[in-house]
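Sequential numbering of the sequence shown, starting at 210, is according to this note's numbering.
Heads up, some of the hints might be wrong.
Simulated restraints on C-beta separations [said to hold, decoys possible]:
| # | residue 1 | residue 2 | range |
| --- | --- | --- | --- |
| 1 | Ile345 | Lys598 | 43 to 53 Å |
| 2 | Gly370 | Asn256 | 41 to 51 Å |
| 3 | Gly399 | Ser425 | 51 to 61 Å |
| 4 | Lys248 | Gly288 | 14 to 24 Å |
| 5 | Asn657 | Ser419 | 45 to 55 Å |
| 6 | Ser653 | Asn527 | 11 to 21 Å |
| 7 | Gly370 | Lys275 | 43 to 53 Å |
| 8 | Ala259 | Asn527 | 39 to 49 Å |
It is worth saying that the hints were derived from the structure and are not from the lab. From the three backbone atoms N, C-alpha and C, an ideal C-beta is built for every residue, glycine too.
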Amino acid sequence: MDRKKISLIAAFVLLLSLLPVAIPSANAAQQQVEIAVNKANVRSEPNMSASLVGQANRGKRYIVLKERYDWYQIQLDNGVKGWVAGYIVNKTDASSERSRAGNEEPAQSAGTGKSATILADGLNVRNEPSLSAGVIGKLHIGDQVPVKKVRNDWVNIRYKGQNAWVSRQFVRLSSESEQTTSHSETAADGFAVILYNGTNLRSSASTSASVAARGSQGERYPIQARVGDWYKIGLASGQQAFVASWVVSVNGESPSENSSSEPAADRTPGLQGKTIILDPGHGGMDAGTTGMNGTFEKFITLKTADRLYNKLRQAGANVILTRSGDQYISLPSRVATAKYHHADAFISLHYDSTYHSGANGFTTYYYHNRHKQLAKDVNRNLEQNLPIKNRGVRRGDYYVLRENSRPSILLELGYLSNPKEASAVVTSPYQELITNGVYNGLSSYFNN
210 MDRKKISLIA
220 AFVLLLSLLP
230 VAIPSANAAQ
240 QQVEIAVNKA
250 NVRSEPNMSA
260 SLVGQANRGK
270 RYIVLKERYD
280 WYQIQLDNGV
290 KGWVAGYIVN
300 KTDASSERSR
310 AGNEEPAQSA
320 GTGKSATILA
330 DGLNVRNEPS
340 LSAGVIGKLH
350 IGDQVPVKKV
360 RNDWVNIRYK
370 GQNAWVSRQF
380 VRLSSESEQT
390 TSHSETAADG
400 FAVILYNGTN
410 LRSSASTSAS
420 VAARGSQGER
430 YPIQARVGDW
440 YKIGLASGQQ
450 AFVASWVVSV
460 NGESPSENSS
470 SEPAADRTPG
480 LQGKTIILDP
490 GHGGMDAGTT
500 GMNGTFEKFI
510 TLKTADRLYN
520 KLRQAGANVI
530 LTRSGDQYIS
540 LPSRVATAKY
550 HHADAFISLH
560 YDSTYHSGAN
570 GFTTYYYHNR
580 HKQLAKDVNR
590 NLEQNLPIKN
600 RGVRRGDYYV
610 LRENSRPSIL
620 LELGYLSNPK
630 EASAVVTSPY
640 QELITNGVYN
650 GLSSYFNN
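Hey, can you work out the whole structure from these sequences and the hints?
The structure is reproduced here in structure tokens:
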């Protein structure tokens, strides 16, 4: 090789050494996504019409290479790079995951003798404090389990002799019950209608009291008095028993328009301190409607709820989700959550569908007349934010509204059967507009 060629090669090597090397930043490397569905499609480009390059399994975590239009680029185990939609993943932080794995997160001891009362039906019991951990069983509303400790959003329990974990937001610790439950007896009348088969009817107003009998779904018992969060009822045998208020519907098939059995909602101005239940429609085996691009409603409603949850929490509200992942929650459990927490507002989130692809717009539903103002305030603010047709405020005979004595509305936030709206609703800008509208509507309602 002549000297001229050697000189050229040396110059080229020197030039390469001076170029900046593309090394991922520490912050970028820490951003991960966890697949939240079975067999998530991984596409060649960040859109639903792009070709498939592979699939990812539920619970699998990937480092985020790029983010675009609420899509995340990942690299599969076979080295292929592709994009997953933001609404089918949970974004995590690698450093916090390492901390959890090393038990570095502060664990708050619940104390000896503490217990937890389950607030959701069919609650997953997991072997680790993670939504991707294995499910070893299920608990049902009203069940009581011993508590070992609390770690952030998870409660460590004993389940069938095993060490197990349940989501913090779906339980109530015994210490909380002791602080909030008054055992003074007040007069009451009407009927308590059992919502679940096998409901415990106890000898006194406590989850630790002995079981006097068990009720079946649909059975009606006359209410003799209210004792804190419990009803004293009369059994067919002539004996008395107590049933938790969050596992029954009061006064027949729907709450009375003038029922005083529920405490009034807090109408002090502002969102600070308000208890707001966000109900992402569908979940688990109930996928809801399917969009033109194959989008499941259950994932979009959860995406909307997560974004709205963060905004309301920042405003000082006490926000509770009826589900935080892809799990099936029964309609009675959703209503029971609102009753148990004495919600100041219950917002059920949905997306619409019809056989006519041209149908479009959003709709706000209420059932009880006393809840119409909440519907009007939220609807007005959604109209100011959303670029689609306002289909108005309507009375809707939905279970989560009809059986709900707390201020409650149901929102249909766009048509997944409409190609244009189906493409828009999954994007971050549209989700931002939706959640701003609901947030502002709640602010208006609580400031009236």
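Between Gly399 and Ser425, does the beta-carbon spacing fit 51 to 61 Å? violated, 19 Å
Is 43 to 53 Å a correct range for the gap between the Cβ atoms of Gly370 and Lys275? holds, 47 Å
With 43 to 53 Å as the target window, see if Ile345 and Lys598 comply at their CB atoms. At roughly 47 Å between Cβ atoms, Lys598 and Ile345 fall inside 43 to 53 Å, so the hint holds.
Quick one: are Ala259 and Asn527 within 39 to 49 Å, going by C-beta? holds, 41 Å
Kindly confirm whether 41 to 51 Å is satisfied by the beta carbon distance between Gly370 and Asn256. holds, 50 Å
Hint says 11 to 21 Å; check whether the CB-CB distance for Ser653 and Asn527 agrees. Distance hint for Ser653, Asn527 holds at roughly 19 Å.
Falls inside 14 to 24 Å, the C-beta gap from Lys248 to Gly288? holds, 19 Å
For the pair Asn657 and Ser419, does the Cβ-Cβ distance stay inside 45 to 55 Å? holds, 47 Å
In the structure shown, a violation is registered for the earlier hint numbered 3 alone.
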